[in-house]
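From first to last, the protein sequence lines stand for chains S and G. When you line the first sequence up against this note's numbering, it's residues 1 to 490, in that order. When you line the second sequence up against this note's numbering, it's residues 1 to 95, in that order.
Just so you know, these hints were derived from the structure itself, not from any lab. Computed from a predicted structure; not experimentally measured. Using N, Cα and C, we set each Cβ at its ideal position, and we do this for glycine too. Wrong hints could be hidden among the right ones.
As the list claims (entries may be wrong) - In silico BS3-like links for lysine-lysine, alpha-carbon gap of 30 Å or less:
1. G:Lys-10 to S:Lys-417
2. S:Lys-64 to S:Lys-17
3. S:Lys-485 to S:Lys-69
4. S:Lys-282 to S:Lys-69
5. S:Lys-417 to G:Lys-5
6. S:Lys-50 to S:Lys-6
Unchecked claim - A few chain S residues facing chain G, derived, Cβ under 10 Å:
7. Asn-150
8. Ser-302
9. Ala-312
10. Thr-349
11. Thr-366
12. Ser-418
13. Asp-420
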Amino acid sequence: MTELTKLTLAAALDGLKAKEFSSREITQQFVDAIEGARTLNAYVVETPEKALAMADASDVKLAKGEGGKLEGAPLGIKDLYCTKGVRTTACSNILGEFTPTYESTVTQNLWDEGAVMLGKLNMDEFAMGSSNETSRFGNVINPWRRKGDNQGLTPGGSSGGSAASVAADLCLAATASDTGGSIRQPAAFTGTVGIKPTYGRASRYGMVAFASSLDQAGPIAKTVEDSAILLEAMCSHDLKDSTSLNVETPDWRNDVGRGVEGMRIGIPKEYRMEGMSEEIDKLWEQGIEWLKTAGAEIVDISLPHTKYALPAYYIVAPAEASSNLARYDGMRYGARVAGENLTATYEGTRAGGFGAEVQRRLMIGTYVLSSGYYDAYYLRAQKVRTKILNDFVEAFESCDAVLTPTCPSPAFAFGEKSGDPVEMYLNDVFTVTANLAGLPGISVPAGLSSGGLPLGLQVIGKALDETACFRVGGELERAAGFVAKADKWW
Amino acid sequence: MSVTKDDVRKVARLSRIAVSEQHVEELVGELNGILSWIDQLNEVDIEGVEPMTSVVETDLPMRDDVVTDGNIRDQVLANAPRSEDGFFVVPKAVE
């Protein structure tokens, strides 16, 4: 039997449309693959019955030559998206067995286009983490291992389940979300493609909130084209999210093959960081060569406030989280730990329900917002954000897109960085600027490290110019010819 | 700026998170590590800079002030830790 799980989303959609196989057939293969890959801990809820029912409904439409843009395609959904009737906890104990009575806009858009839901994917608790080590359901294991080494590696985070499931062929593609790099970093760690669109492209309605001015939905997929197909379906203008932009969603799929002839690609000197590994630097140089060969003009640019992006992020994100997560009081939903009075109930519920990293960030956020500190911290950080955005605006006067590495290192081992919060935070050094400035950014696998692990390059575009990300990303993908897959050991 | 044990106790109370005395000590170290790293923002000249609001200039949308949903009591209560007769049951809030 053909291994339908290995298909790209684009090829699967073609095969379904041409009736080479049914949605039930491909869905059943994924259901079996997921069952056989529980060691990876990528899924926290499996919904095989729902998946097969949705597949059958799609097959009826496909038989009549009808259906949406994703008709019959089995996808994985990050546990951050509320899914009606299917447990959604953002992998936090405080949400208990929360089962939404409504659907997030992004997932509704996917079902409207005929997609099939395989289940909910593991993630860092409330998307706070860069290694998927803070989930209540335990670590996700990266399908990739170092050459000749069986040590377990993290898949990155927070969308670790999304990245691992795509890399291990446990779904055709997955939804993810990105607050500081949570789509792009795990994509880079697993040899997959991930894009965070411009802030406001996708609705945040029904996404469990972390930091509202930074959170943005996006896909993780096997190819740049697949990521374009899925992102198109996810984005929409939504009256239920006041920050949702009233703009058209372009035909990004067509941009992927357009090439980069005549484009100006900016190379920011500040991203050449001290202590960055030589192989990351070499890959970056290689990327520059590829784009030059393909007809792009390379421009040196400066983003002078880059080093302030992470510290600013660790004020803005915890501050907004402390406000957003105030809703978890154990009264209306989620788990309640009863105490001797109301305050003790609140304090016990939140101490028992939130993990260590979430508690740490909530306290940082509460501190920086507390009386007398607002101006010194939050307001200052929001002004630094303006400086970071202005850096980009100025740079974009001389270039059309910015090329950088996605991460300072390949995937690391469990526990390797969890001892020191700041060291873990530094993983997001190249990705976090796009969140602070609200810009689109894509990560594309471009090579292997000396240890045989995937490495990614990132392309950051102007606001609403995902097209540039897809054009440059598509070119990098073609030039790199990255086809490596993790050896199946699970 | 650095935090003391008293600051941590205060922040924990404001966050409504119960913290043991032993944990307070650890948190002092962790929070100070993060805050001292954040302090490098003081190097940035922010004179005359407006705080960032949005990357794409947009006005906050307005809509008609009308009810758009409702009559979903059972859905609202569906995930309650405790409910009775169509109400949330919560600990006594007024002595």
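Outcome of the hint check:
Straight-line distance between C-alpha atoms of G:Lys-10 and S:Lys-417 comes to about 29 Å, which keeps the hinted pair within the 30 Å bound. With a CA separation close to 10 Å, the supplied pair S:Lys-64 and S:Lys-17 stays within the 30 Å bound. Simply put, S:Lys-485 and S:Lys-69 have alpha-carbon atoms about 27 Å apart, close enough for the 30 Å limit, and the pair holds. Taken as a hint, the S:Lys-282 and S:Lys-69 pair is broken in the structure, with Cα atoms around 39 Å apart against an allowance of 30 Å.
Restraint check for S:Lys-417 and G:Lys-5: the C-alpha separation of about 26 Å stays at or below 30 Å, so the hint holds. As the CA atoms of S:Lys-50 and S:Lys-6 are separated by approximately 22 Å, the hinted pair is consistent with the 30 Å bound. With its C-beta approaching chain G no nearer than about 32 Å, S:Asn-150 sits outside the 10 Å limit, and its interface hint is violated. Taken as an interface hint, S:Ser-302 does not check out: its beta carbon lies about 15 Å from the nearest beta carbon of chain G, beyond 10 Å.
Annotation: interface hint on S:Ala-312 holds; nearest CB of chain G at approximately 6 Å, less than 10 Å. A hinted interface residue such as S:Thr-349 counts as satisfied when its beta carbon comes closer than 10 Å to some beta carbon of chain G; here the least separation is about 8 Å, so the hint holds. For S:Thr-366, the interface hint holds, the least distance from its beta-carbon to any beta-carbon of chain G being 5 Å, beneath 10 Å. The beta carbon of S:Ser-418 is not positioned within 10 Å of any beta carbon in chain G (closest approach about 12 Å), and the interface hint is therefore violated.
Given hint, S:Asp-420 at the interface with chain G, holds; its Cβ is 8 Å from that chain's nearest Cβ, closer than 10 Å.
Taken one by one, the earlier hints fail for this structure at numbers 4, 7, 8 and 12, listed in ascending order.
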